[in-house]
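*Asks:* Work out the full structure: start from the sequences and follow the hints.
2 protein chains.
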Amino acid sequence: MASPVTVSVDAMGGDNAPNVVIEGTRLALEADPDLRVLLCGSEEVIAPLCQDTDRCIAVPTTQVISMAEHPAEAVRKKKDSSIVRGCTLVREGEAQGFFSAGSTGACLTAATLIMGRAKGVKRPALGVIIPAYDRPVFLMDVGANADCKADYLAQFAQMGTIYMQSVLGVDAPRVGLLNIGEEDTKGSSFALEAYAALKAHVPGFAGNCEGGDLVAGAFDVVVTDGFTGNICLKTIEGTSKLIFKHLKGALTSSLSAKMGALLVKGSLSELKAELDPDRYGGSPLLGVKGTCIVGHGSSNAQAIKNGILAGCAQVREGVSQKVAEAFAPLKPAAEGE
Amino acid sequence: MASPVTVSVDAMGGDNAPNVVIEGTRLALEADPDLRVLLCGSEEVIAPLCQDTDRCIAVPTTQVISMAEHPAEAVRKKKDSSIVRGCTLVREGEAQGFFSAGSTGACLTAATLIMGRAKGVKRPALGVIIPAYDRPVFLMDVGANADCKADYLAQFAQMGTIYMQSVLGVDAPRVGLLNIGEEDTKGSSFALEAYAALKAHVPGFAGNCEGGDLVAGAFDVVVTDGFTGNICLKTIEGTSKLIFKHLKGALTSSLSAKMGALLVKGSLSELKAELDPDRYGGSPLLGVKGTCIVGHGSSNAQAIKNGILAGCAQVREGVSQKVAEAFAPLKPAAEGE
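As given, the protein sequences belong to chains A and B, one line each in that order.
So the first sequence is numbered by this note's numbering: it starts at 1 and just counts up by one.
So the second sequence is numbered by this note's numbering: it starts at 1 and just counts up by one.
Worth flagging that the hints you see were computed from the coordinates, not collected in a lab.
Some hints here could point you the wrong way.
The list treats identical chains as interchangeable, and a pair is accepted whether it falls inside one copy or across any two copies.
[Stated by the list, open to error] Below, simulated DSS-like cross-link-like pairs (lysine-lysine); rule was C-alpha separation at most 27 Å, straight line:
id, residue 1, residue 2
1, K241, K77
2, K322, K186
3, K258, K241
4, K79, K186
5, K248, K77
*Replies:* Right under this line is the structure:
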């Protein structure tokens, strides 16, 4: 039996909320008998699932933060929103983790302000698992910090290393710096500084990772600033979407292609599922006091389920405690690992 | 009849040089009867093709700059290298364009130092055509300037606009700024500055372009700094390679898939060719006095041919003259278009 975990879930967040979120939560509760969910959302939305199982507890809220709102402003003003309430439950110890597929900006702001930064962590950052060639790769930061200092990246590397060791069981993660050349003399002035910081503070640092190496799976953890990381992530998603769109066209372009398409359909669906970022269900925000997982706005029920279960795994592996210990004050970051 | 063009070609550059370069040059000469090539390379390598046709003139050189060498140092020291000689022929007016699939860094350095920057251009930059969903997109800078100032990006936009209008016949190119959100308040502090510069100086500026929008073809010209652009380009190439690799696996995973694969093979090859960056044959370095096209190191003969022909097109359309006129001194850049 796994240890019991309580996760607060934002029922109102995501392009297809609340229906897919409710459905995804139901799937997560079915998959993990030791999971309890505090479901935050408007009363009529959350009532049915909460009536069905006593492992889903209703937390009625009256406000919703939309994707279009200014994150900091919305978090400040909407105290009774599902995102703010969900994060507050973690701060108060009612839940250990929070999951939302809503506004990424609002989730990051709420988690950072309400749960608080772990002591010694300069900037919490958003990571994501990229399904690379023969293994998952953890890319960080993918958007929490558009402007970074070089030493933040050393911390991202340390947090990413803890995540990959704890949640994905990678023994000694190889850390790479996203850069535009393999040699240590290559890159922008920021990348050169980051290289030096990584070399000094991260035992697993294995050098520069070019854009193409990232998806080839040459490293386990790849760090970059939130601007480059976000562009990189969206470029991977966009390119993948583009190719499958083209593929669909190619497979209906002639009679023989159509016949062949029927035969390869199963293999292609499997491939699409394998490359689907939703498989890993959401991005962890590391460096806050608690677990916070942000799902893709376009998440389907399966992705919601995976996101909630990823939150459980992170709680059970004690990732946020390990991060807190690694960065505990009075110990330089280099020795904190 | 097209106007006659002379292009100097580096026979020694590229992973598969000199054979594929010689073969690609032969194909280019066959395709364009008004093309003359000054073939720079070691005597025994270039002699056969030069004996075959009087439109290929031998320029024997004794040195080669390898991919591993430090670009600036190599260009300074190896005066009789194929890259330095090729660029010198353009400066001396013997050729109008230069093509190489060798060290990108050495080509950029040689072209900038030897041909010289066009007056008013702050930084020459490397562009590349991305085969996006339903149209080609010009991404710039993809690696000439790892560190950029915001106003460079406005110039990249102006140069990219000229290129797309002249070479690809796009009437009024829509210019996007690669960024991490659509709203004008999104992005790093650098991106916010660049947004302001583009808004002030680029009539075709149409807003921010996220990583996924780039390959979706939402814009005709997308500008960014050379660090982000290079990572973005390599990420697209890497993701595409990864998916086709997986695809190959998926199509041989079962008997029915194998049978289907035979039927879809033709369509898939067409698709791969369509998405192949080599289709457009190399990246133009814009902002120097002359035409300089840098091919992918892994170029095959077809890519070499396309790169040389892309150089011809650029010469015939007078791109470098148009750029020079646009940035002529005593005219602010904004009015120079």
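*Asks:* What label fits K258 with K241 when the C-alpha limit is 27 Å: within, between, both, or neither?
*Replies:* both (20 Å within a copy, 24 Å between copies)
*Asks:* Given identical chains, is K322 near K186, meaning Cα to Cα at most 27 Å, within a copy, between copies, both, or neither?
*Replies:* neither (33 Å within a copy, 32 Å between copies)
*Asks:* Have a look at K248 and K77 and pick one of within, between, both or neither, based on CA distance no larger than 27 Å.
*Replies:* neither (45 Å within a copy, 52 Å between copies)
*Asks:* With identical chains, the pair K79 and K186 could be close in the same copy or across copies; at 27 Å between alpha carbons, which is it: within, between, both, or neither?
*Replies:* between (47 Å within a copy, 24 Å between copies)
*Asks:* I want to check one pair: K241 and K77. Are their C-alpha atoms no more than 27 Å apart within a copy, between two copies, both, or neither?
*Replies:* Result: close neither inside a copy nor across copies, 37 Å intra and 46 Å inter.
Hint check: violations occur at hints 1, 2 and 5; the rest are consistent with the structure.
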